[in-house]
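Enquirer: Sequential numbering of the sequence shown, starting at 1, is according to full-length UniProt numbering.
If you are wondering where the hints come from, they were derived from the structure by calculation, not from laboratory data. Just to be clear, a hint being listed does not mean it is correct.
[Unchecked claim] Each computed DSSO-like pair below joins lysine-lysine, with the alpha-carbon atoms no more than 30 Å apart: (1) 73 x 148; (2) 89 x 48; (3) 243 x 94; (4) 245 x 67; (5) 73 x 94; (6) 243 x 73; (7) 179 x 148; (8) 179 x 94; (9) 148 x 66; (10) 67 x 121; (11) 121 x 48; (12) 89 x 66; (13) 67 x 89; (14) 297 x 66; (15) 297 x 48; (16) 297 x 121; (17) 163 x 245; (18) 163 x 236; (19) 66 x 179; (20) 148 x 243; (21) 89 x 73; (22) 133 x 163; (23) 121 x 66; (24) 236 x 89; (25) 89 x 148; (26) 66 x 94; (27) 73 x 236; (28) 297 x 133; (29) 121 x 179; (30) 163 x 179; (31) 236 x 148; (32) 148 x 67; (33) 245 x 179; (34) 94 x 163.
[To be verified] Distance windows between CB atoms, simulated: (35) 67 x 157: 38 to 46 Å; (36) 119 x 196: 18 to 26 Å; (37) 119 x 145: 46 to 54 Å; (38) 119 x 276: 32 to 40 Å; (39) 278 x 249: 40 to 48 Å; (40) 236 x 78: 35 to 43 Å.
Using N, Cα and C, we set each Cβ at its ideal position, and we do this for glycine too.
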Amino acid sequence: MGFACVDAIYNRQEIYEFRLKNFMKTQSTILKKQQLIGNDIRIIGSRKSGKTTYLASLLRLPEELKKQFPGLKITPTSDDAEELIGEAKNILEKGAVFAGTDIEYGDEPYFSFQIQIPTSKNSPGITLGLNVKDYSGETFEFAAIPHKASEFQEYVEDWLTAKSWMIMLTDWDASNDAKLYAPALNRLLTELSEQANVNETLNQLRVAVVISKCERGELWPCRLDAEEDLFRVRLKETYNVLKDKLPPSRLRFFACSSFGVMGDSSGQHDPRPNRYIPDDGSSAEFIAHLRDVEAWKPFGLISPLYWLSTGRVFHDECL
Numbered sequence: 001m002g003f004a005c006v007d008a009i010y011n012r013q014e015i016y017e018f019r020l021k022n023f024m025k026t027q028s029t030i031l032k033k034q035q036l037i038g039n040d041i042r043i044i045g046s047r048k049s050g051k052t053t054y055l056a057s058l059l060r061l062p063e064e065l066k067k068q069f070p071g072l073k074i075t076p077t078s079d080d081a082e083e084l085i086g087e088a089k090n091i092l093e094k095g096a097v098f099a100g101t102d103i104e105y106g107d108e109p110y111f112s113f114q115i116q117i118p119t120s121k122n123s124p125g126i127t128l129g130l131n132v133k134d135y136s137g138e139t140f141e142f143a144a145i146p147h148k149a150s151e152f153q154e155y156v157e158d159w160l161t162a163k164s165w166m167i168m169l170t171d172w173d174a175s176n177d178a179k180l181y182a183p184a185l186n187r188l189l190t191e192l193s194e195q196a197n198v199n200e201t202l203n204q205l206r207v208a209v210v211i212s213k214c215e216r217g218e219l220w221p222c223r224l225d226a227e228e229d230l231f232r233v234r235l236k237e238t239y240n241v242l243k244d245k246l247p248p249s250r251l252r253f254f255a256c257s258s259f260g261v262m263g264d265s266s267g268q269h270d271p272r273p274n275r276y277i278p279d280d281g282s283s284a285e286f287i288a289h290l291r292d293v294e295a296w297k298p299f300g301l302i303s304p305l306y307w308l309s310t311g312r313v314f315h316d317e318c319l
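Go ahead and model the full structure; you've got the sequences and the hints to work with.
Expert: Spelled out as structure tokens, the structure:
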């Protein structure tokens, strides 16, 4: 082999090493950079699905979860979010009702807040700047009732101005699947498809469908693969409508729990829901609250919001 050939090989090796160093430096810079991503989200769902309790739990994350994820921070940026944080203690610990859930159309609370997620081995740090509207369950149910068409139309016009939808469901009996969830979602997603013919940006709207209250014993083991173990098995008609109406890139299934289970925080094997419902005949929608505040560790509160905002799956499904 001639000297010229050897020199050429060494030159190529040096060029390769130089490019590799630059690539690694660039990747390191990307991983260290804190992105800020904004999103406008509508939380839609049936009555008793726990939408407001979910937001209260999200805004008042337990210290134990913050210790597990150092640098995780929730910052309210609107008066409604500040008010909900102020009431979250009573909502979660005493079962109080947030006054903002029973309101007229157009006066829905607007919860604006930032979620600062620290850098991990698997993903760069990111800050989600979120504007979230929470609607009473009746608004979702209007979609399944033909004579409520005018009321439904008022709400859907506002929902279509958002970038993302979070649809929260909680029951899985066959009656609700066939008579409420499937027809309501069919109508809602048909409206979305029709409006997308006029407004092409709606073709980018993502939909996260969430089974709430997954601390229940029959749901807790299935929470890690909500699509296969919950939706496909328990809500077959609803699942088929969603899969038929939306492409995989715009649809994802989740499970969440605002309360968690008893043993998930202390390390003990206690799978009971960390949720107490007084046995006095009252509606569980309003008086369910934490059984043990010290053991509070909610599940899956941030993952749906992360996917809606980034299109990426969060690396730790428990958050």
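Enquirer: Quick check: which numbered hints come out false for this structure?
Expert: 1, 3, 4, 6, 8, 9, 11, 19, 24, 25, 27, 29, 32, 34 and 36
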